[in-house]
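> Spelled out, the chains give:
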Amino acid sequence: MNIKRISVFSLAVSGSLFLASCGNSSNTENHNDMSHEHHEGMEHDHGSHQDSESNERSVSSNSGELKGDLTSIMSSYFSLNESLVKDNASSAAKSSENLVEALKVFKAEGLTEEAQNEVSEIQESAIENAEHIAANSDNIEHQREHLVSLSIDIKDLIAIIGTTQKLYEDYCPMANNNEGAIWISQTKEINNPYMGSNMPTCGKVKRVIE
Amino acid sequence: MKKILKRTLVGLLVVLVGIQFIPTDTNQQDGIPETDIRYVYGVPEKVLKVLETSCYDCHSNNTNYPWYSKVQPVRLLMDKHIRERKKELNFSEFGSYSERRKRNKMRAITEQIEKSKMPLPSYLLMHEEAKLSKTDKEILDNFFNDIRKE
Numbered sequence: 261m262n263i264k265r266i267s268v269f270s271l272a273v274s275g276s277l278f279l280a281s282c283g284n285s286s287n288t289e290n291h292n293d294m295s296h297e298h299h300e301g302m303e304h305d306h307g308s309h310q311d312s313e314s315n316e317r318s319v320s321s322n323s324g325e326l327k328g329d330l331t332s333i334m335s336s337y338f339s340l341n342e343s344l345v346k347d348n349a350s351s352a353a354k355s356s357e358n359l360v361e362a363l364k365v366f367k368a369e370g371l372t373e374e375a376q377n378e379v380s381e382i383q384e385s386a387i388e389n390a391e392h393i394a395a396n397s398d399n400i401e402h403q404r405e406h407l408v409s410l411s412i413d414i415k416d417l418i419a420i421i422g423t424t425q426k427l428y429e430d431y432c433p434m435a436n437n438n439e440g441a442i443w444i445s446q447t448k449e450i451n452n453p454y455m456g457s458n459m460p461t462c463g464k465v466k467r468v469i470e
Numbered sequence: 029m030k031k032i033l034k035r036t037l038v039g040l041l042v043v044l045v046g047i048q049f050i051p052t053d054t055n056q057q058d059g060i061p062e063t064d065i066r067y068v069y070g071v072p073e074k075v076l077k078v079l080e081t082s083c084y085d086c087h088s089n090n091t092n093y094p095w096y097s098k099v100q101p102v103r104l105l106m107d108k109h110i111r112e113r114k115k116e117l118n119f120s121e122f123g124s125y126s127e128r129r130k131r132n133k134m135r136a137i138t139e140q141i142e143k144s145k146m147p148l149p150s151y152l153l154m155h156e157e158a159k160l161s162k163t164d165k166e167i168l169d170n171f172f173n174d175i176r177k178e
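Taken in order, these protein sequences are the chains called R and V.
Number 369 in the working numbering belongs to position 109 of the first sequence; there are no gaps in the numbering.
Number 108 in the working numbering belongs to position 80 of the second sequence; there are no gaps in the numbering.
Hints are computed from structural coordinates only; laboratory data are not their basis.
Be careful, since some hints might not be right.
[Said to hold, decoys possible] Straight-line distance between alpha carbons at most 25 Å, and here's what the computed BS3-like set of lysine-lysine pairs gives:
1. V/Lys177 to R/Lys364
2. V/Lys130 to R/Lys364
3. V/Lys130 to V/Lys114
4. V/Lys130 to R/Lys367
5. R/Lys364 to V/Lys114
6. V/Lys114 to R/Lys415
7. V/Lys177 to R/Lys354
8. V/Lys177 to R/Lys466
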C-alpha cells in the first residue's frame, strides 16, 4: 500500500519535472500579457505627470514632423535614470520593466522602409538592454553597463522620431570604465546615472536636442 | 522505522530511474552555419581557438557534451542553461544580428572578459581548460576592440 503510494508520488515528481522543462515558453507569454495590462495603467499615470512639469517643456516646437509618440518611452527612461542617480537598483528595475512595455507597443508612422528597419533594430536592442536592467535589481553595476547601450538606442530613436520636448545629450568621460558614455536628460543640470552618489554631477551637456 | 527508510529509498530510486527517460535537447548541428562569427569577420585562428574552447559550449549551436551530461537531472539543467545562454549570445548566429546588436554584444563580451565574469565559475569547475589565461583575455580583448573601433 505504502510502496504503491510512494511510486505514484515518484511518478508525479518525474512528471512535473518533465512538464517544468517543457512549459517555459507558455509561461513567458502569460507573463508578457500581464505586464502589458500593467503598462496601459502606466501610460495613464504619465499624463498627469507631464502636466505638472509642463514648464520644463520647450515652447518652440520641433520643425520636423513627428514620426511617433515617444512620451511613454521617455518617461520610463527618465525615471530609470533618476533611480540610478539615487543608486536605487530595485526602483531602476521597475522603471525598466515599464520601459520594456513602452518599447514593445511603440509604433512609428510615415517612415521610409529603411528608417522603419532601423527603428525596429533600435527597438529590439533597447528592449534587450531594458530587460537586462529589469532583471538585475540586485546588480546596479550591470544595470549601468546596459544603460550605456540603451542610451545610444534612445538617442538614435529620438533622432529618427523627433521630439517636442527640449532634451539634452549629456556625456561623462569616466563612465563605462573610463571609455565614456552618454545619456539623455530633460534638464540642463547634470545628474549622472552612471556614477550615482559617488559623483552625481560628473559630466557635461554635449548637445541640445530640439 | 526501517521499513519507512527502505520504502523511501525505493521511491527515490524509482524517481531517479524515471527521470532518465525525460527527452533531452541536443545542441549540435552538422557543419558550420554561414552566420557563424568566423565568416562575419576575419577571425584569426588563435581567437577562434579561445572562443571554441571557452565559449562555444553554451554560446553556439555546438556543445561538446561531457560524460555526466548523460545523467538526469544534470542534462535538464544543462539544456535549460544552454537555451538561455544562446538566446543571450550565439556565435553560430552572430551574422544574423543587426549591426547595433553586434556592437552591443561586442561591448558586453569585452566587459565580461575584463571583469572575469565569463566563463562562469560553475562551468570552470568541470572545464579547467576553458579558463582564460591573461594572454587569452588579451587576444579576445584586442580582437573585439579592434572590430568595434572600425
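> Does each hint fit the structure? Answer for all of them.
Evaluated hints:
A threshold of 25 Å between alpha carbons decides the hint, and for V/Lys177 with R/Lys364 the separation of about 30 Å lies outside it, so the pair is violated. Proximity of V/Lys130 to R/Lys364 is assessed by CA-CA distance (about 21 Å); at most 25 Å being required, the pair is judged to hold. Distance hint between V/Lys130 and V/Lys114 is fulfilled; the C-alpha atoms sit about 14 Å from each other, no more than 25 Å. With a C-alpha separation of about 24 Å, the suggested pairing of V/Lys130 with R/Lys367 holds against the 25 Å cut-off.
A distance of roughly 22 Å separates the Cα atoms of R/Lys364 and V/Lys114; the hinted pair therefore holds under the 25 Å criterion. For the proposed pair V/Lys114 and R/Lys415, the alpha carbon gap of about 28 Å is over 25 Å, so the pair is violated. Between V/Lys177 and R/Lys354, the direct Cα distance comes to roughly 34 Å. Violation of the 25 Å bound is thereby established for this hinted pair. At roughly 21 Å between alpha-carbon atoms, V/Lys177 and R/Lys466 fall within 25 Å of each other, so this suggested pair holds.
Checked against the numbered hints above, the structure violates hints 1, 6 and 7; every other hint is satisfied.
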